[in-house]
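Asker: What follows is each chain in one-letter form.
Number of protein chains: 2
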Amino acid sequence: MMDRPLLISQLLWRGEHVFGEKEIVTRLPGAYHRYTYAEFGVRARRLAQALARLGVGPGDRVGTLAWNTHQHYESYFGVPCMGAVLHTINLRLFTEQIAYVINHAGDSVLLVEPDQLPALEKIAKDLHTVRAYVVLGDGPVPETSLAPVFGYEELLAAEDGDLAWPEFDENTAAAMCYTSATTGDPKGVVYSHRSVVLHSLNLALHGSIGVREEATFLPISPMFHANSWGIPHAAAMQGTTLVLPGPHPVADDYLDAIEREGVTHAVAAVSVGVLMRDALERRNRDLSRLEVLWLGGQAPPLGLIHWFRDRYGVEVPQGWGMTEASPLATFTAVKKRIRDAGQEAVDRTLVKQGLPMPGIEVRLADESGAPLPWDGESVGEFLLRGPTVTAAYHDDPRTAASFVDGWFRTGDVGVIDPDGYLQLTDRAKDLIKSGGEWISSVELENALMSHPAVVEAAVVAVTDERWLERPLACVVVREPVTTTGLRAHLAGRFASWQLPDEFLIVPEIPKTGVGKSDKKVLRARFAEPASRQALRAPDGS
Amino acid sequence: MMDRPLLISQLLWRGEHVFGEKEIVTRLPGAYHRYTYAEFGVRARRLAQALARLGVGPGDRVGTLAWNTHQHYESYFGVPCMGAVLHTINLRLFTEQIAYVINHAGDSVLLVEPDQLPALEKIAKDLHTVRAYVVLGDGPVPETSLAPVFGYEELLAAEDGDLAWPEFDENTAAAMCYTSATTGDPKGVVYSHRSVVLHSLNLALHGSIGVREEATFLPISPMFHANSWGIPHAAAMQGTTLVLPGPHPVADDYLDAIEREGVTHAVAAVSVGVLMRDALERRNRDLSRLEVLWLGGQAPPLGLIHWFRDRYGVEVPQGWGMTEASPLATFTAVKKRIRDAGQEAVDRTLVKQGLPMPGIEVRLADESGAPLPWDGESVGEFLLRGPTVTAAYHDDPRTAASFVDGWFRTGDVGVIDPDGYLQLTDRAKDLIKSGGEWISSVELENALMSHPAVVEAAVVAVTDERWLERPLACVVVREPVTTTGLRAHLAGRFASWQLPDEFLIVPEIPKTGVGKSDKKVLRARFAEPASRQALRAPDGS
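So the sequence lines, in the order shown, correspond to chains A and B. Sequence positions in the first sequence follow UniProt numbering and run 1 to 541. Sequence positions in the second sequence follow UniProt numbering and run 1 to 541.
Do not rely on the hints blindly, as some may be mistaken.
Facing chain A, from chain B, some residues (calculated, C-beta under 10 Å) [unchecked claim]:
| id | residue |
| --- | --- |
| 1 | T241 |
| 2 | R337 |
| 3 | Y421 |
Since the hints were made in silico from the structure, they are not lab data. Fair warning: this is a prediction, and the values are worked out from it, not measured in the lab. Think of the CB as a built atom: it goes at the ideal place given N, C-alpha and C, for glycine as much as any other residue.
Construct all of the structure, not just a fragment, from the sequences and the given hints.
Answerer: Have a look at this one:
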């Protein structure tokens, strides 16, 4: 067979040539922007030419601090297709973490939304590798202390798009994304052209979310989160009409876009699904063309699944994945036999995390890494292997702890039933998922224990109506503390949304047999808000 | 990303572990055989153990002369997963060609249906590499002069299936298939594990035939024809219920299987679609569960497409491909815009050969190989490139003529419209497709011209109700000839179905500007049976 590499430029080739007339639509303030895949392809090449003119060469990293827009989408292809590496930076990171990931990735050029300039100006002096800032949007470049600074549209206007994409090894780095760690700085995952192409094929399969020509997809999942779950790449390959929600979107913006553009498939974090439900409760909408709302990032409650199905006839599948797996590892395709068995059987399946995608090998492992049976009862950690799973964290000594015998340790714990459905029951890693973003409980505990009045601290996840999970801090103290005082102590080191809402003063932290904090006990004891009432630290002044 | 190879054993892993309860059903004389993918996986490993015991090692070729059965399906996985190469031999080849392909491939073991033994016995003395014959079926091994000979089921019964598939480079040869050549012996195409896995993903995509868990597929396309178009491999990956039509199937057998097993998707050559229509005209059937009849190998007439749609609500898409492309290169997915425009627009699309699959690059080329525009008017040859397209014919000096600048020359000629749909208008190669099988016009011409009475000969395709195309021979003679005499002259060198039904005696063969036979003129002149009547060679005695 021909030795043809799997390259992202081939996904773009199909979008441009086979589906050149299909549209990419972006909600922008005041208006919707729209153009075709044919126009998109020319602009992606112009971007590559402009970046080359700024000195970007093969292997160089180009960072983005950007919303889900057509310009960000252009960088998804323009950067890797020229042989450079797209580093999508999470806008919600704490400012110091943004500086860390830019330096760690060694970004040479940053593509930045105008609204992100103030944050970037604060850390610019600490950025050691950035040679140029390019401001997105189509207005004039705002007044800024960043230098040298360029306007995105001006740069593109100076190029002709007459460029043949180079060919190179399919294992060449294409993109990178950082994920929160249990302790310390974020950890980087580097995607290859090969992994992106294989992941795109998986997303377009029957038995997956099924990116396809006849659908209109709204990727609400941020493009700075694990390739926006792969939707943008798969959409170009399949000629799928894309609707991008633009800057600072809120639930009503998503619903506007769904109504207006006839979105058939929306893809979002579970917490966003909750916000959309709330917005729909406040104001009914015409969702008649919406068929599927894929909720991921964590397990959607069955009540939410039912709500969308019963009110709007919208199917709510889920997927399980992670930045390290491109991200999709499993998807809740309901087998025909189960569907034929009726609604109850379907419901029992929909709350599970799904079947392994092609190419993804799953091992349910005991503590030594040895395989456990798929009997729906044996509880173990899920290990993953496959060409779309990372082999290492980028230049990071913490890699060793996350791999065993060539398998990636996901840190998620659960069972696999005889039908092959994974179900998560716990999380081995001390992370809390709030509003689709990770919070490290260990980092919060370390910071709390540096407070002079705190003897010991444990932070666990508690259920939250809006954010699905929120951190709850339990502290043992040697002298009186207040909520205000503890929050102030943490405030300088964490983004505000990462701070616990509640601080409980407890006489002791329960321990496991080996002397670790027994978080299972804490989670169970304080699951209900009423159980926490009496122990709350006073507000303070 | 992990350096994990794309291996056929992973397709099997998914079938066995994620869809272990799904069924594989085979029509056998007198009864249907059925078992699950879990059982299938064990038997594929037993087959590998048995072949290893017969001395088959990595890289060795194992030939099959077999129908579409569960045993043939076991070889589709057992042979390549152990690192050996599956050579599926076309039962319809002329006996001498069968000997040629076995010797050329260097098959070490042959898996043979009982009904193929007589043909094989005739050529056994000419087979230089075969070390063992294994007789398929579950009866006792018939009396045969072949040696050493083993019974398939006896061999499997002696093994325990306790085998871990080896891992190796994804470019390792997995399978091979020979295709008819314009002149001379068949040409071999070698598939790799990588190409088979990528092709399987393509078959399971939205916008393709869509192999999926909830469907029941009947691959009528023989398993000795280009991987049965990839259905068997994709089915294991997707956990698709498979119904295999077994030995010597006729149209009513397919229809029995469709009715009885609730087949949702059938896959066949256009000529078989015609036979199924005729059978349905004779006897109505319940086809209510049949959704799609994929007809390929050549273009299905619009009348046939309409017939299945109007009578049974069955959709009839087509694909274009060839042994050299695994085989699928394009598929007639109808774009949403076209579907929305109504039946007439859909019909105009359904007669085209479709859109390029992901990973398949198509070039419409002029005679120098330079690209022509996709305007629906410029006529050129279709060139293909991609990881599922062969780079060469196996050990064959004719390779050079079929490739230009790294592109495969398909020999098919036509246009590409601005929507990306290919449409074939002619065939550059002198081949005729009759009942789904190729016939070389050049070979027939050479043989005819060796007849003492024949001065010149040209063979062209004419339309046939049943076989879609049949060869028509036009001869210029120096003395009287008869149809019987000419057929007898050819009979020893061709299979009977390859012989022309009609021989026309013409005063001269029209020529092109460069002095070649102008077959376009002949095809046009003799398209209608009435135009041939007066020129027919007398029957003879």
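Asker: Compare the structure with each hint and give your call.
Answerer: Comparing the hints with the structure gives:
The criterion of a C-beta within 10 Å of any C-beta in chain A is met by B:T241, whose closest approach is roughly 9 Å, and the hint holds. This hint holds: B:R337 has a C-beta 8 Å from the nearest C-beta of chain A, less than the 10 Å allowed. Contact between B:Y421 and chain A, as hinted, is supported at the beta carbon level, the nearest pair being about 9 Å apart and thus within 10 Å.
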